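**Student:** Take a look at the letters that make up each chain.
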Amino acid sequence: MEISVLLFASWSDALGPSVTVRVPAVATVRDVMEAVLARAGGRALPKPLVAVNHRYAKPESPVRAGDEVALIPPVAGG
Amino acid sequence: MEISVLLFASWSDALGPSVTVRVPAVATVRDVMEAVLARAGGRALPKPLVAVNHRYAKPESPVRAGDEVALIPPVAGG
Amino acid sequence: MRTAIVDHPLDPAALLAEVASTESGASTLFVGTVRRVNEGKLVSGIDYSAYGPMAESELATIANEAASRFGTTRIAVEHRLGTLALGEASIIIAVSHERRAAAMDAQRFLIEEIKKRVPVWKREHYADGSREWVDPTAGVVAGGAA
Amino acid sequence: MRTAIVDHPLDPAALLAEVASTESGASTLFVGTVRRVNEGKLVSGIDYSAYGPMAESELATIANEAASRFGTTRIAVEHRLGTLALGEASIIIAVSHERRAAAMDAQRFLIEEIKKRVPVWKREHYADGSREWVDPTAGVVAGGAA
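Chains A, B, C and D are the protein sequences, given in the same order.
Residue numbers for the first sequence follow our numbering, beginning at -16 and rising by one.
Residue numbers for the second sequence follow our numbering, beginning at -16 and rising by one.
Residue numbers for the third sequence follow our numbering, beginning at 24 and rising by one.
Residue numbers for the fourth sequence follow our numbering, beginning at 24 and rising by one.
Just so you know, the hints here were simulated from the structure itself, not pulled from any lab data.
Okay, derived cross-link-like pairs now, BS3-like style, lysine-lysine, Cα gap no bigger than 27 Å in a straight line:
1) C:Lys64 to C:Lys138
2) C:Lys138 to B:Lys30
3) A:Lys30 to D:Lys139
4) A:Lys30 to D:Lys64
5) B:Lys41 to C:Lys138
6) A:Lys41 to A:Lys30
7) B:Lys41 to B:Lys30
8) C:Lys64 to B:Lys30
9) A:Lys41 to D:Lys138
10) D:Lys138 to A:Lys30
11) A:Lys41 to D:Lys139
12) D:Lys64 to D:Lys138
13) C:Lys139 to B:Lys41
14) C:Lys139 to B:Lys30
15) C:Lys139 to C:Lys64
16) D:Lys139 to D:Lys64
As the structure is a prediction and not an experimental result, all values here were calculated from the model.
Work out the full structure, taking the sequences as your base and the hints as a guide.
**Tutor:** Written out as C-alpha cells, the structure reads:
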C-alpha cells in the first residue's frame, strides 16, 4: 500500500512537506521509517520519531491505509 | 540598663507595641527575652525569636544600650 | 534587583516587565494570594503587618543570596501590607534567567526563604467574625507558648 | 484548563487572570523568551513551527497529566508560532493551586514535558545571516543522523 508521510523542520527542508512511500499491506512503523530513510539517501538528518494519528508510535506498531503518519525530528518547543 | 523592646502581632496585642525592661549593664539577648517573658505572665503567646538592629540574634549575643531590639513571633508572610 | 514592602495592590505584569531581558530564556512569576479556605476555616480577608525596616532588609538579603546562588540579578519582589480581600496578591516574585531551571530554582528559594525569615505577620478574618494571628509553627513545635 | 497553539503575541497577565481563583493560595507563571545568545551564537530571531494537530493534542495530554498528578485544573498554556523577535515570549504556562509547592511542581512538570514531547521546532536566525534548526539532542545522542 502507499502511505503519505508528513515531514517537518530539516526533513521538510530536505524532502518537502510530505513523501509517499510504498510498504507491504501489513506494515509497521519500522517499515515506513525505512522507506522514508531510503529517500533521504546520504543526507545527514536528525534521527526522528514517528507519530501515527497524532500519537508517538513504537517501531513495531502497525500502520494501516488511511493512518496519518508523520516523522517527528527532535522537538525544540517551549 | 533599660532596653526598649518592640513587639508585634499577638505579642503586641497582649503587651502593646513595645515594653521597656531593665537588664544588667552587660546583657545578652537571653537576659532581655527573660525580662520580657516575665511581663507576659501566664499568657499563652507563641515562642518568639529576637532581632537586634534588624538581624536575628542568638540567645548569647550581646545587647548594648541604644540597640534596636525586637521580639519576632512566628512569621507568616508571603 | 529590587525588593520592596508596599501598601498598594501589586501588578504582576509590571514586575515581569521589570526583570525581562533579551539575555533571558525564561522568566517566572510567583503570586501569593488570599485563599478562601485555610485549615478548614472560611476566610474573609487578611491583615498583613510587618516590622518594616527589618522586613525590608531581610527581603533584600534573601534576594542577594538568590542572586549569588543562582546567578541572576534579574529579581524583583514586592510584599504587600494592609487588609487584603479574597484573591488579592500579598506577594509577587519575578525572576528572569538565561536558563529555565535556574529561574525556577530561584523562584522556589525566594518564596521559601521569605516565608521563613521575613518579619511579616498575618491576621486572618473569618466568615464567622473572628480573627486570628496565623502561626505556621503551631502544632509543629511542642510547647510553643512563651 | 486550556491549552492552545497560537500565532499572536502572548499576554502573561491574561493567562494569570484566567487561572486565578479564591481557592488558590499561589499562582505561577512561566514565560519562555527568545534569548540573544544561544550556544555562543548571536541570535536575531526565531521561527517557530509545529505539527499543528498533534501539537495541540500533545499539549492537552500533558496538561491533563499535570492536573491529575498535582491536583489542579487551573492550568492555562499557550505556545506561539511564527517569527519571534528577541525578548518575545514563545510560551506561557500559568498554574494556580491551593498550595504553593504543588503550583511550582506543576509548572516545572509542564515545561519539561512540553520541551520533550510537543512537536514544535525552532529555526534560529543568527546575526551573521545564517539559520539553523535547533536540535536539543545534537551532541547528546551518538550518530543522530538518519
